[in-house]
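> So you can see what is in the structure, the chains are spelled out below.
Protein chains: 2
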Amino acid sequence: MKPFNVVIDFSTGELSPGKKTVRRVSDVKNMFLDREKAEEMIKNGDPLVYEVIYADIPEEAGHLGHCTTIIYPGKVGKEFFLTKGHLHEQLGTAEIYLCLRGKGKLLMESTDGDWAALDMFPGSSSYIPPFWSHRTANVGQEPLIFYCIFHADAGHDYATIEEKGFPKLVVEEKGEVVLIDNPKRSR
Amino acid sequence: MKPFNVVIDFSTGELSPGKKTVRRVSDVKNMFLDREKAEEMIKNGDPLVYEVIYADIPEEAGHLGHCTTIIYPGKVGKEFFLTKGHLHEQLGTAEIYLCLRGKGKLLMESTDGDWAALDMFPGSSSYIPPFWSHRTANVGQEPLIFYCIFHADAGHDYATIEEKGFPKLVVEEKGEVVLIDNPKRSR
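If you're matching them up, the sequences are chains A and B in order. For my numbering, count along the first sequence from 1 and bump the result up by 1. For my numbering, count along the second sequence from 1 and bump the result up by 1.
It should be emphasised that the hints constitute simulated quantities derived from the structure, not laboratory data. Accuracy of the hints is not assured; some may be wrong.
Put simply, identical chains are the same to the list, so a pair is met inside one copy or across any two.
As the list claims (entries may be wrong) - For lysine-lysine, the following BS3-like pairs were computed, each having C-alpha atoms within a straight-line distance of at most 30 Å:
| no. | residue 1 | residue 2 |
| --- | --- | --- |
| 1 | Lys30 | Lys76 |
| 2 | Lys104 | Lys21 |
| 3 | Lys38 | Lys3 |
| 4 | Lys20 | Lys104 |
| 5 | Lys79 | Lys30 |
| 6 | Lys104 | Lys30 |
| 7 | Lys76 | Lys165 |
| 8 | Lys44 | Lys76 |
| 9 | Lys169 | Lys3 |
| 10 | Lys79 | Lys185 |
| 11 | Lys21 | Lys175 |
| 12 | Lys3 | Lys104 |
| 13 | Lys3 | Lys76 |
| 14 | Lys44 | Lys3 |
| 15 | Lys3 | Lys185 |
| 16 | Lys85 | Lys3 |
| 17 | Lys185 | Lys20 |
All chains should be modelled from the sequences, with the hints used to inform the complete structure.
If you want it as structure tokens, here you go:
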């Protein structure tokens, strides 16, 4: 394999050449608390929630996967747009999120039951240690754009979080960004 | 281990909190072709060539090391300031360089004898595949700043390159940046 460049536009999040995955409200509706509101939004144009653009890297040990993520500003009810989130199939592998634009909350939960949140802002580089699942909310008024680097053979497990949700939700209350307990998790 | 942020200033390369390594001409004089000129520069103030600022990450499998590198503009004779360069002790591990500021040339050599060069510019993300050694020259008028991500347990072998040099040198000739054969390697 030969060395190569991809080019990243820090203001749009474009990564070129890259392969894009697009998520609209209809693709991720189950992760929001207010399902009725989500259905209404789907009928009214089904807005983009986020996009991920992957560089073409072999999914093999020794390689480093990388991608940009663009989360658009918006809410479903009072809950901010966010990514599905994932655990790595190889649980013991870290990930790095370098924020390029916007304002975010990175939510994480460890396999032994801890949770944590970090602020994302231009220049923040968040370290997601091995054994922490992670999902990201855009809590600002513009696109949240960040660059992700991970072990290329880490694998992605989306199902666990889809079923369980996260311990906390990121919502707007009285104009403030707050974390509240996820009622699905306290049942 | 808990998740944590470091903060990177894209215009200065500061990474905070971080641990800084500083290289002056006296620290890296052996890598330049024009040793006499290097000795003269050491007597006249021994200028900074580059700095590396590391985030505090365990050097263990599953973790991702990361750092910023700041290469100052300058030359020793006609040869541009550059990093010592290294191979990974674990040869089969990749590295990523995301350029934040300035203009660079990334030189690489594979363990089976190929060589390659990539341009670095703001937004370029260079993929250094497993089994390629790498060193970087600042070919511009301002600091060259980039963010590096690597397998935290990769290890660094500086000695091989210090002994052998690289197949190519990055020099200025008639105001142009050119790669020339390294006379030490063609002997």
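> None of the hints should be skipped; say for each whether it holds.
A quick look at each hint next to the structure:
1. Taking the shortest alpha-carbon separations for Lys30 and Lys76, only the intra-copy value of 12 Å comes in at or below 30 Å, while the best inter-copy value is 57 Å.
2. In this homomeric assembly, Lys104 and Lys21 come within 30 Å of each other (Cα to Cα) both inside a single copy, at 22 Å, and across copies, at 28 Å.
3. Taking CA atoms no more than 30 Å apart as the test, Lys38 paired with Lys3 passes in neither setting, with 48 Å inside one copy and 35 Å between copies.
4. Within a single copy, Lys20 and Lys104 get their C-alpha atoms as close as 24 Å, and across copies as close as 27 Å, so both meet the 30 Å cut-off.
5. In this assembly of identical chains, the alpha carbons of Lys79 and Lys30 lie at most 30 Å apart only when taken from the same copy (14 Å versus 60 Å across copies).
6. Taking identical chains as interchangeable, the C-alpha atoms of Lys104 and Lys30 lie at most 30 Å apart only when both belong to the same chain, with a minimum of 22 Å there against 44 Å between chains.
7. Taking the shortest alpha-carbon separations for Lys76 and Lys165, only the intra-copy value of 21 Å comes in at or below 30 Å, while the best inter-copy value is 57 Å.
8. Only within a single protomer do Lys44 and Lys76 lie at most 30 Å apart by alpha-carbon distance; the minimum there is 15 Å, versus 62 Å between protomers.
9. Taking identical chains as interchangeable, the C-alpha atoms of Lys169 and Lys3 lie at most 30 Å apart only when they sit on different chains, with a minimum of 17 Å there against 43 Å within one chain.
10. For the identical chains of this complex, Lys79 and Lys185 are intra-copy neighbours only, at 16 Å inside a copy versus 66 Å across copies, given an alpha-carbon limit of 30 Å.
11. In this homomeric assembly, Lys21 and Lys175 never come within 30 Å of each other (Cα to Cα): the closest approach is 35 Å inside a single copy and 43 Å across copies.
12. For the identical chains of this complex, Lys3 and Lys104 are inter-copy neighbours only, at 21 Å across copies versus 36 Å inside a copy, given an alpha-carbon limit of 30 Å.
13. For the identical chains of this complex, Lys3 and Lys76 are inter-copy neighbours only, at 29 Å across copies versus 43 Å inside a copy, given an alpha-carbon limit of 30 Å.
14. In this homomeric assembly, Lys44 and Lys3 never come within 30 Å of each other (Cα to Cα): the closest approach is 47 Å inside a single copy and 41 Å across copies.
15. Taking identical chains as interchangeable, the C-alpha atoms of Lys3 and Lys185 lie at most 30 Å apart only when they sit on different chains, with a minimum of 25 Å there against 48 Å within one chain.
16. In this assembly of identical chains, the alpha carbons of Lys85 and Lys3 lie at most 30 Å apart only when taken from different copies (21 Å versus 33 Å within one copy).
17. Within a single copy, Lys185 and Lys20 get their C-alpha atoms no closer than 34 Å, and across copies no closer than 42 Å, so neither meets the 30 Å cut-off.
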